[in-house]
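Protein sequences appear in the order of chains A and B.
Under this note's numbering, the first residue of the first sequence is numbered 1, with each subsequent residue one higher.
Under this note's numbering, the first residue of the second sequence is numbered 1, with each subsequent residue one higher.
It cannot be assumed that every hint is accurate.
[Claimed, not checked] Cross-link-like lysine to any residue pairs, in silico, SDA-like; alpha carbons within 25 Å at most:
(1) A:K76 <-> B:W408
(2) A:K76 <-> B:R198
(3) A:K189 <-> B:Q78
(4) B:K76 <-> A:V407
(5) A:K189 <-> B:I394
(6) B:K76 <-> A:D158
(7) A:K76 <-> B:R152
(8) B:K189 <-> B:D260
(9) B:K15 <-> A:D157
(10) B:K189 <-> A:Q78
(11) A:K189 <-> A:F410
(12) A:K76 <-> B:T421
(13) A:K15 <-> B:K96
(14) B:K96 <-> A:A156
(15) B:K76 <-> A:T242
(16) A:K15 <-> B:D157
(17) A:K76 <-> B:W406
(18) A:K34 <-> B:P347
(19) B:K76 <-> A:N80
(20) A:K189 <-> A:H398
(21) A:K76 <-> B:R44
(22) B:K76 <-> A:R397
(23) B:K189 <-> B:F413
(24) B:K189 <-> A:R202
(25) A:K145 <-> B:R44
(26) B:K76 <-> A:R364
(27) A:K34 <-> B:R197
(28) A:K15 <-> B:D200
(29) B:K189 <-> A:P159
(30) B:K76 <-> A:Q78
(31) A:K354 <-> A:S313
(32) B:K34 <-> A:R198
(33) A:K76 <-> B:D157
(34) A:K145 <-> B:E137
Keep in mind the hints are simulated off the structure, nothing from the lab.
Number of protein chains: 2
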Amino acid sequence: MTDTSLADTPKARRKVVVVGAGFAGLSVARGLAKADVDVTVLDRHNYHCFQPLLYQVATAELSPADIAWPIRHVLKYQANAKVLLANVTGVDVANKRVVADTVTVPYDELVLATGATHSYFGRDEWAAVAPGLKRIEDATVIRRKLLIAFERAELADDPAVREQLLTFAIVGAGPTGVEMAGAIVEVAKHVMPSDFRRIDPRTARVILIEAGPRVLPAFPEALSAYTQASLERMGVDVRVNTRVTNCDATGVDLEGGRLDAATIIWAAGVVASPAGEWIAAGRDRAGRVQVEKDLSVPGHPEIFVIGDTSAVSREDGSPVPGVAPAAKQMGVYVADVIASRARDAVPPPPFRYKHQGDLATIGRKSAVVKLPYMNLTGFVAWLFWSVIHVFFLIGVRHRIAVAFKWVWDFMTFQRGARLITDQKDQI
Amino acid sequence: MTDTSLADTPKARRKVVVVGAGFAGLSVARGLAKADVDVTVLDRHNYHCFQPLLYQVATAELSPADIAWPIRHVLKYQANAKVLLANVTGVDVANKRVVADTVTVPYDELVLATGATHSYFGRDEWAAVAPGLKRIEDATVIRRKLLIAFERAELADDPAVREQLLTFAIVGAGPTGVEMAGAIVEVAKHVMPSDFRRIDPRTARVILIEAGPRVLPAFPEALSAYTQASLERMGVDVRVNTRVTNCDATGVDLEGGRLDAATIIWAAGVVASPAGEWIAAGRDRAGRVQVEKDLSVPGHPEIFVIGDTSAVSREDGSPVPGVAPAAKQMGVYVADVIASRARDAVPPPPFRYKHQGDLATIGRKSAVVKLPYMNLTGFVAWLFWSVIHVFFLIGVRHRIAVAFKWVWDFMTFQRGARLITDQKDQI
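Chain A with its partners taken away, still in its complex shape (with noise of 0.2 Å):
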């Protein structure tokens, strides 16, 4: 355990303490860039991961260091700012410090910004066979199960074990959900035929499976019907009103019935960070801590918390997504207030959330986008969902190379990066 508070910190800047390192704690630290403050940026990994693009690395296109950048070499230029590789235990509230396993951080001002994960609904045991996408790791996962269940169908002798390898559920019809399952399914038609001798890989069978009435809750009913026609055009089983009632290492128990499938995504649920324990602040079901109008946690205006681990209301009540956009949007007002404080300035007004818009690709040449005045859906809609995609991606480096990797592979039908790697005890 190491204090760092000795060693670096002049004794007049406050300290801002920023725990996590996605869209929202390193919009919250560029943010402060110009402020008179020392800011301290906390996360398990060292860097920096593009969730919008994680299926993409579960599905063989990218690599996971196409869609990540070291959180430190994001904000090397700025010199009021420091990153630690650190995996955070729990906050002492009282004496305003963060505690890790590796330094223990005192903070003036704390930042909780440590995201989400997926939610098996209490049922734990489920993560095992069905893994969700949150973080690199999962998908690196997602993708050895994927590779691996084709190669062992070409092995399989028996019809029925050939048939439940080449079964593919995705269970919860979100963005996440859909784009597996059209990924997927392309793999399956696109990529993988001419590789295989003894298989045909477009006899897989991919299933989508979701609880409510339609895919894409979230979107308005006329894109949620065009996906779901769009789907089911490339192949892809759409099944709504369909509870999973239990998942194991060979398919999923669905309300009408049994599913022998190999492969299981989970895409259904998410749970928020455990940062609202560490604080003991007030929390929803989802474990999302409840916030003043400022993002503060009531009673400790020194402590924000942010993105996916925060429940913030729009001005008609509904909650504000989970989704890249919001997340930048708290950690830019955060950035305020707190700067607003170090130079005593007036506090900007309560934060209010601008809904920019839902994007959602379903596959090649296929995607749907809801923007404030118009809807897309199609060519048109996908070509705006990659321009998006590559824009926001971190530095040029990356630009260039995704887009060239999307180019090419659209035109040639490949896939990059079919690697199953550290395969021990998986076949």
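Keeping the supplied structure of chain A fixed, place chain B upon it in accordance with the hints.
Just chain B, lined up with the frame of chain A:
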């Protein structure tokens, strides 16, 4: 266990089984494209790895997928070849069957091309603290160790601890050791400095330890001298005539004394894969199988051993080196032998290795190249090295992606794959 003999293979055609899809095995399979045989390639990985660039994955320049390609994708258009993901555990020589974890495959002709791994000269306990560099997983393990050393140094308060964390010991000064030493010192001096606040990465020490009298012992003496001088100018501490007597978690014991180093990389020795044991063949001290002039095993004209698993001599009695061109030449030759048998033709004359040269890169703008009629050093050698390596990558997509990353990172002093993944229990 599955027997694929009945299901797939028409009776008449000879069954050729190739174990290992490195340079040697893949050359056999491709060389048999037009032969009237059935080829089955078995590998425990689903990809062919371009080993000469592994050190660039280990030093965070390239992603694993940049230097790997699915074996079945490489052979997708070769109708007489199939690929099975299988971990071979032995050969039933009497019944002509290869035994693997997932499958048993009968053969008429068997080619063993299972490569080599690092040798710790009987001190296998060093493997845990001094990883070698033969597989993709080795490269990501070393990358993680390398990057975590800097992260932990940034967190450390004790100057002695910082110094130990920023000391990198590389054991063995063949091409891999030289390339690792050059790449690590460049990462420390050019890539890292502005990213850190508390440590100065330029103070990192990189020590290249060689038991023999000079670096790159297989190269002409002038190139060894040039390489050592270049490395020393870059800041590498080169210690020739220095033997390692012990490795542990905190450093290495040298004949001259103790060296505290958090990161130890093993590039000192190789030992052949256990393929020689599977067939109970005569082997040299490094486990390499002694083969006939047609690369078949004495007493077993139907079994060939090629690549790093085989001990082959040149005309002057010196051993054929363990490099990619040698493996490829053996593969092409054995394909020729098998094809001529299949059409009852005269077998080709005994295998003759044609040495094309030696290459090693030292760092940014510097390499050494020995060609039959000339030697190159410095920038020209470095350009030659770069072009050759891009050219030999499989597929235009990989060539463009790697060339782009090299040009970009050359100009910007970046490294594009600085990811610490799967770090459980590592910090």
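The hints, checked one at a time:
no.	hint	in the structure
1	A:K76 <-> B:W408	holds (18 Å)
2	A:K76 <-> B:R198	holds (13 Å)
3	A:K189 <-> B:Q78	holds (20 Å)
4	B:K76 <-> A:V407	holds (22 Å)
5	A:K189 <-> B:I394	holds (23 Å)
6	B:K76 <-> A:D158	holds (24 Å)
7	A:K76 <-> B:R152	holds (18 Å)
8	B:K189 <-> B:D260	holds (20 Å)
9	B:K15 <-> A:D157	holds (19 Å)
10	B:K189 <-> A:Q78	holds (20 Å)
11	A:K189 <-> A:F410	holds (14 Å)
12	A:K76 <-> B:T421	holds (21 Å)
13	A:K15 <-> B:K96	violated (72 Å)
14	B:K96 <-> A:A156	holds (22 Å)
15	B:K76 <-> A:T242	violated (39 Å)
16	A:K15 <-> B:D157	holds (19 Å)
17	A:K76 <-> B:W406	holds (22 Å)
18	A:K34 <-> B:P347	violated (77 Å)
19	B:K76 <-> A:N80	violated (54 Å)
20	A:K189 <-> A:H398	violated (28 Å)
21	A:K76 <-> B:R44	violated (41 Å)
22	B:K76 <-> A:R397	violated (31 Å)
23	B:K189 <-> B:F413	holds (10 Å)
24	B:K189 <-> A:R202	violated (51 Å)
25	A:K145 <-> B:R44	holds (15 Å)
26	B:K76 <-> A:R364	holds (22 Å)
27	A:K34 <-> B:R197	holds (18 Å)
28	A:K15 <-> B:D200	holds (23 Å)
29	B:K189 <-> A:P159	violated (58 Å)
30	B:K76 <-> A:Q78	violated (49 Å)
31	A:K354 <-> A:S313	holds (11 Å)
32	B:K34 <-> A:R198	holds (21 Å)
33	A:K76 <-> B:D157	holds (21 Å)
34	A:K145 <-> B:E137	holds (17 Å)
When held up to the earlier numbered hints, the structure conflicts with 13, 15, 18, 19, 20, 21, 22, 24, 29 and 30 and fits the remainder.
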